[in-house]
Amino acid sequence: MSEQAGKSGEIDFSAYPDASGHFGPYGGRFVSETLIGALDELREMYNRLKDDPEFVAAFDYDLAHYVGRPSPLYLAERLTEKAGGARIWLKREDLNHTGAHKVNNTVGQALLAKHSGKSRVIAETGAGQHGVATATVAARLGLKCAVYMGAEDVKRQSPNVYRMKLLGAEVIPVESGSKTLKDAMNEAMRDWVTNVDDTFYIIGTVAGPHPYPQLVRDFNSVIGREARRQSLEEFGQLPDALVACVGGGSNAIGLFHPFLNDSDVKMYGVEAGGEGLATGKHAAPLNDGVPGILHGNRTYLMEDDDGQIIETHSVSAGLDYPGVGPEHAWLKDIGRVEYVTADDKEALDAFRTLTRSEGIIPALESSHAVAYGLKLAATMSPEQNIVVNLSGRGDKDIFTVAAIDGIEV
Amino acid sequence: MSQEQENRIDRRFAKLRAEGRKALVTYIVAGDGGLENTVPLMHQLVASGSDLIELGVPFSDPMAEGPVIQKGHERALAHKASLRKCLEMVAEFRRDDGETPVILMGYANPIEKMGAEPFVDAALEAGVDGALTVDLPAEEAGPLNELLAAHNLRNIFLLTPTTSEERIESITGLASGFVYYVSLKGVTGAGHLDLDSVRDNLARIRRHTALPLCVGFGIKDGASAKAVSAHGDGAVVGSVLVSAIGEATDAEAARQRVAALVGEMRGALDS
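If you read the protein sequences in the order shown, they are chains H and L.
Okay, so the first sequence: first residue is 52 according to the numbering used here, each after it adds one.
Okay, so the second sequence: first residue is 2 according to the numbering used here, each after it adds one.
Don't take each hint at face value.
Said to hold, decoys possible - Below, computed lysine to any residue pairings styled on SDA-like, alpha-carbon distance capped at 20 Å:
| id | chain 1 | residue 1 | chain 2 | residue 2 |
| --- | --- | --- | --- | --- |
| 1 | H | Lys230 | L | Lys72 |
| 2 | H | Lys230 | L | Val69 |
| 3 | L | Lys221 | H | Lys230 |
| 4 | H | Lys195 | H | Pro224 |
| 5 | H | Lys230 | L | Lys86 |
| 6 | H | Lys165 | H | Asn98 |
| 7 | L | Lys186 | H | Lys230 |
| 8 | L | Lys72 | H | Ser229 |
| 9 | L | Lys186 | H | Gly88 |
| 10 | L | Lys186 | H | Asn246 |
| 11 | L | Lys186 | H | Arg171 |
| 12 | L | Lys72 | H | Glu362 |
| 13 | L | Lys186 | H | Asp249 |
| 14 | L | Lys86 | H | Asp357 |
| 15 | H | Lys169 | H | Thr245 |
| 16 | L | Lys86 | L | Pro68 |
Unchecked claim - Here are some chain H residues the structure puts well away from chain L; computed CB gaps all over 10 Å:
| id | residue |
| --- | --- |
| 17 | Ser170 |
| 18 | Thr245 |
| 19 | Glu284 |
| 20 | Val391 |
| 21 | Phe450 |
Derived from the structure by calculation, the hints contain no laboratory data.
Remember, predicted model here, so these are calculated numbers, not experimental data.
In this text, a Cβ means the ideal position worked out from N, Cα and C, and glycines have one as well.
Bound-form chain H, shown alone:
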């Protein structure tokens, strides 16, 4: 029933979330009363500013002159040849300042932080990309910056830790729980509730309590708006399919959202299959999880029989998260987006294939999207078009790949 509704265009996707921050049964504000005041304040400020011409102009200016947008839509001819089907176009978010789509959101939230008059920003980070993007905008605006990062991730991602420190941020290793991204998010929330008077929390993905899933989506939707316009310019029609990787899901929702009402455009979100869905060692809550409540929203989660959140696995640290944005949970249930997986090996193969065929080294996260894009293209015809979101560049991952290859860099 719901699949019909999505595809026949009966839902106006631009009307979500509803006033209380829900996407169908998902989303909401599942936080302690201690945070409600701060979330109310943020929601009111965002509602006031999001259509304010001056705010929009400032955001657009920063995207053009600081981030370097628009990012190109690039026809990957040799990759297309390899797949032997539909034409594969890459949306080049890897060419943004700081090397990924994450900066679209941090530039936007930094403008909100400035408006709020708060002097300090905090962030959580997994692989360090969002931490770097936050430290970057904090340096530019002269704001104090603290980044929470799981102690395990601090060890694994030392180049990004140093980058954040160079930018003037304090990197705080989180020793609680599993010492990874989810624990960093818990700790950032605790900091926020304690220092709410002078601190703005810049969440890095489309999860968390309302209004974060909405505002992070809105700031990243520049990806889809550009891709839509560029598709019409480059090949005179909308793409037949969109493909993006999904951890928390910010790059995917950024690409998908401006196309959701175009019912002929198919969409595929690619979760991290890790060592394979059957092994349980993965980070694919939409494929192998259940609805639950974590980090302020109801969404699909990886959890055990007692409702405890379990550890995830992926070769890509940026996808290594047991939850997913609530809008994705809803888009899955109503059938508007299909959620699939690419496992570690498929992602690594795609990493190498794209590097050798196009001279573009993709982030391991984005490699999951490339892997599925290659498979999908092979099932389609040469006059069809697929847009794959190349959400980040792979410079940060060369040590991981080298280690897998047994090479010391």
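Position chain L against the provided structure of chain H, taking the given hints into account.
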């Protein structure tokens, strides 16, 4: 909200009020210090002067807790504690104590996993008297709230220094049993008490509700318990007890330390 039927929480506060005493509410994490040691600890809390027990349900991601109680959750999970185990502990506690109210304090996901209806049925069966679900604020609490009320179980809500007048009105409309006032910004176990702010905010809340008002967060000893409860109906103490349990070398040491801490606070409250 219908409260024709009494429950242990109501009876306890009525009794305290009649005696002119303040409530001492004590919090420990179920399973912290070993699964088999929680029920004896609960009895010790009562013997040392606790009026109500908040039994913490361990969760992998206790977002609103400071480092001390987080570690308590981690230790309890290492002992394989769970919501199911908590309910078993309450049932065991009830065999020897039919009077002391027990409130389950925890996070929404373990309840979501069990299902709200099975949870409320099991809680009633075990002898639980109320629930405080930290990450279920008023606007998300509706369905669970109705089920709790239908089973004559109380739903305890948090109010904070930043809760607006409008929210106080709507939350106290849903709340039952008592209201838990969080005395400071931050997580459990943090910071220093601002007694003037506690007094002013309790007066503000008192205009909206006749429910007992208990104050928690930042209460470390008898003196601070007495100071905050002067303006309300009781004090909630958690982090110092969880810290003592964490530092104890064995169950007997934990029991003695908890007995001393609670006894000291009881004495101060009654002095």
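So which of the earlier hints does this model not fit? The structure conflicts with hints 3, 5, 7, 16, 18, although it agrees with all the remaining ones.
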